[in-house]
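Model the full structure from these sequences, guided by the hints.
Protein chains: 2
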Amino acid sequence: MRNASPEGSRRACPERSRRVYLDHAAATPVLPEVVEEMIPYLSRNFGNPSSLHDFGQAPRKAVGEARARVSRLINAEPEEIFFTSCGTEANNFALKSVAARLREQDKGKHIITSSIEHHSVVNSAKALEKSGFEVTYLPVDKSGFVDPRAVKEAIKKGTILISVMHANNEVGTVEPIREIAGVAKEAGIYFHSDAVSTAGTIPVDVKELGVDLMSLAADQFYGPKGAGALFIKKGTRIIPFLHGGIQEDGKRAGTENVPGIVGMGKAAEIVLQNMSPWNERITSLRDRLIAGLKEKVDHIYLNGHPTVRLPGNVSVCVEFVEGESMLLSLNMEGIAAASGSSCTSHALKASHVLLALGVDPALAQGSLLFSLGKGNTEEDINHVLEKFPPIVDRLRQMSPLYRKK
Amino acid sequence: MRNASPEGSRRACPERSRRVYLDHAAATPVLPEVVEEMIPYLSRNFGNPSSLHDFGQAPRKAVGEARARVSRLINAEPEEIFFTSCGTEANNFALKSVAARLREQDKGKHIITSSIEHHSVVNSAKALEKSGFEVTYLPVDKSGFVDPRAVKEAIKKGTILISVMHANNEVGTVEPIREIAGVAKEAGIYFHSDAVSTAGTIPVDVKELGVDLMSLAADQFYGPKGAGALFIKKGTRIIPFLHGGIQEDGKRAGTENVPGIVGMGKAAEIVLQNMSPWNERITSLRDRLIAGLKEKVDHIYLNGHPTVRLPGNVSVCVEFVEGESMLLSLNMEGIAAASGSSCTSHALKASHVLLALGVDPALAQGSLLFSLGKGNTEEDINHVLEKFPPIVDRLRQMSPLYRKK
Chain A
101 MRNASPEGSR
111 RACPERSRRV
121 YLDHAAATPV
131 LPEVVEEMIP
141 YLSRNFGNPS
151 SLHDFGQAPR
161 KAVGEARARV
171 SRLINAEPEE
181 IFFTSCGTEA
191 NNFALKSVAA
201 RLREQDKGKH
211 IITSSIEHHS
221 VVNSAKALEK
231 SGFEVTYLPV
241 DKSGFVDPRA
251 VKEAIKKGTI
261 LISVMHANNE
271 VGTVEPIREI
281 AGVAKEAGIY
291 FHSDAVSTAG
301 TIPVDVKELG
311 VDLMSLAADQ
321 FYGPKGAGAL
331 FIKKGTRIIP
341 FLHGGIQEDG
351 KRAGTENVPG
361 IVGMGKAAEI
371 VLQNMSPWNE
381 RITSLRDRLI
391 AGLKEKVDHI
401 YLNGHPTVRL
411 PGNVSVCVEF
421 VEGESMLLSL
431 NMEGIAAASG
441 SSCTSHALKA
451 SHVLLALGVD
461 PALAQGSLLF
471 SLGKGNTEED
481 INHVLEKFPP
491 IVDRLRQMSP
501 LYRKK
Chain B
101 MRNASPEGSR
111 RACPERSRRV
121 YLDHAAATPV
131 LPEVVEEMIP
141 YLSRNFGNPS
151 SLHDFGQAPR
161 KAVGEARARV
171 SRLINAEPEE
181 IFFTSCGTEA
191 NNFALKSVAA
201 RLREQDKGKH
211 IITSSIEHHS
221 VVNSAKALEK
231 SGFEVTYLPV
241 DKSGFVDPRA
251 VKEAIKKGTI
261 LISVMHANNE
271 VGTVEPIREI
281 AGVAKEAGIY
291 FHSDAVSTAG
301 TIPVDVKELG
311 VDLMSLAADQ
321 FYGPKGAGAL
331 FIKKGTRIIP
341 FLHGGIQEDG
351 KRAGTENVPG
361 IVGMGKAAEI
371 VLQNMSPWNE
381 RITSLRDRLI
391 AGLKEKVDHI
401 YLNGHPTVRL
411 PGNVSVCVEF
421 VEGESMLLSL
431 NMEGIAAASG
441 SSCTSHALKA
451 SHVLLALGVD
461 PALAQGSLLF
471 SLGKGNTEED
481 INHVLEKFPP
491 IVDRLRQMSP
501 LYRKK
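Residue numbers (this note's numbering), protein chains in the order written: chain A, 101 to 505; chain B, 101 to 505.
By construction, these hints were calculated from the structure, which means they are not laboratory data.
If several chains are the same, the list does not tell them apart, and a pair holds so long as it fits within one copy or across any two.
Here are the simulated DSS-like cross-link-like pairs (lysine-lysine), alpha carbons at most 25 Å apart as the crow flies:
hint, residue 1, residue 2
1, 334, 230
2, 449, 161
3, 449, 242
4, 351, 449
5, 333, 351
6, 334, 161
7, 487, 396
This is the structure:
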């Protein structure tokens with residue numbers, strides 16, 4: 101799928117007939133090959149993978165194949181992949197189940213994470229604080245980088261887990277995970293990384309990065325919703341997250357979402373093969389969009405680091421305008437973008453990520469995220485660069501705060 | 101889908117060309133109408149329901165419609181339905197999140213459940229014991245009934261939750277939930293019921309039953325894997341199960357599995373409309389199978405209650421034979437059945453349910469579960485009644501324990 105096709109009422113509305121999807125951080129289109137591979141597991145291969153009879157065989161084999169494919173995406177072993185229902189579950193699993201296990205063993209109650217993690221990490225950490233853990237939220241610099249030395253300094257007796265995301269989902273900054281993992285390893289502390297924004301998007305190698313746990317989500321790399329995974333390095337001490345049957349080696353019970361898992365595996369296989377050429381194109385479009393926005397809109401600021409960022413991430417703050425107003429105006433022009441994380445898009449609070457980067461709270465209200473994917477074209481970028489500047493002008497005309505400098 | 105069609109290598113193997121699926125307790129075929137309704141949410145409507153732009157609208161609306169459909173299945177309000185990834189997650193959610201909330205409020209640490217619950221309840225309860233809760237596992241009588249008076253007697257100061265399943269997934273016994281819920285209500289204690297085997301199978305009305313929390317799974321009623329729900333009555337004190345974004349009212353964060361949820365909603369709508377005629381047929385086939393087995397096989401015993409049981413459940417113990425041997429021999433004749441719960445089918449331990457019913461451990465090794473569904477026919481039953489007795493004879497000939505009485 102390149103652009104989602106215009107349909108229904110859109111056809112009667114020529115000025116909205118072009119639809120440009122630039123919200124891949126919220127959801128990626130599912131590849132047609134992925135859907136095709138899933139459908140038999142919604143129909144003739146409906147059996148339960150745990151069943152000993154023939155109906156269980158095809159689903160069981162398919163889950164095993166998907167596990168191998170996902171493991172190859174991040175250079176893990178198949179038995180180190182534990183399927184979950186989403187990236188959020190994988191993050192909850194990593195934090196809560198390691199914390200519970202090490203508490204049982206009286207290893208300590210201190211966790212280190214960053215101040216720009218996804219809400220599924222931040223709020224899991226907060227829940228752990230409520231149940232007696234202590235959490236250090238490390239600051240970041242203005243590009244969004246976590247300093248490995250700050251991680252080292254935060255370690256104390258009783259530190260049991262360090263969790264720092266591989267790349268930030270809002271501003272796109274790619275963190276120095278290898279260095280941070282090295283600090284953790286040296287201190288003998290488990291290291292988890294939320295790789296939901298990177299796995300399937302940029303090269304991820306758990307061995308080279310040196311992580312003990314890593315979270316993935318299929319819907320970030322052209323796979324289906326409802327499928328995620330937690331990489332757990334062999335030997336990592338962890339209690340089950342879902343208690344029940346024997347699925348996922350007893351660590352994540354529940355009948356497997358076979359079609360979702362199959363789709364995740366197929367998507368992993370395809371993105372692994374195509375990552376390099378796709379990213380070359382996406383990065384070039386990203387840089388064109390950034391350059392064009394800077395040229396055509398004044399008082400616009402790129403969030404994060406200019407180059408050490410996700411290939412498709414164009415996160416900006418636009419002064420004197422509200423993010424949501426821009427979003428809705430762009431939508432009227434057929435352009436789908438986001439303001440902050442999709443998980444909080446109805447909450448309308450200033451992004452904790454932007455505030456942690458030191459962005460002024462007023463400016464943070466004018467945040468906008470264009471996230472590009474493999475289906476985007478030069479024409480999409482031209483369309484944004486044509487439609488967006490007049491939107492900003494119009495909204496600023498209505499803004500009492502705006503005065504042309 | 102009636103019987104799964106024979107395909108591939110099966111075609112070359114005429115004696116196996118008939119395939120009779122009698123393992124609906126492990127997985128039900130997904131209705132074609134359900135698959136059809138899901139597919140658009142795997143393709144053009146791939147957007148994130150939380151997105152404010154057009155791509156978020158169709159998925160958001162579809163999730164809302166599914167929530168309403170699922171609520172109607174159990175006579176709940178839409179805002180009382182919280183989607184999960186499976187029944188196991190719903191059971192973990194109910195037990196762990198209520199326990200955590202009431203512990204925070206110092207309400208107590210005692211939980212009552214039965215000794216025949218699904219592993220997702222039993223093992224969640226055991227995990228809670230490890231973290232300081234006390235759990236009473238109530239016995240059942242030889243039919244598998246939990247006695248409401250025993251529930252009442254087990255209540256003490258500090259009891260915060262009672263969890264008893266609506267019907268047992270292995271032996272099919274339907275519990276007196278209304279009476280047990282009444283006991284809980286009188287004592288001011290939350291009542292949860294695992295209705296994974298009943299919701300979508302027999303009439304379930306949360307208001308009439310008087311439950312505070314109830315678990316459901318789509319793959320038990322011709323919906324997809326990867327979709328379940330927890331009913332949480334308005335006002336019930338509970339902490340989130342997955343921490344993160346704002347989805348599911350903040351109680352179960354994570355991007356929604358939109359196709360799965362849509363499929364669950366469609367399946368709920370269809371089964372609600374057809375439950376009565378389907379069950380009439382299924383019950384009649386069940387009773388024919390039970391009568392036929394008793395007639396044709398000696399030393400065979402029906403587990404559970406003769407009439408107060410799930411419409412499709414035929415759970416038996418066959419003396420002097422191993423369950424798994426019967427299962428594999430039946431499979432050679434194209435018949436799919438189960439021995440114990442599918443969640444433990446590779447574990448090969450005697451079922452905790454049968455042992456709780458007082459079945460002799462040796463006899464419990466010979467357990468077999470035929471679970472019928474809407475696609476089964478008289479011919480299916482005839483096929484089993486033709487093929488099964490000689491299988492038992494043959495296996496008994498090989499058994500050193502067997503001596504004809």
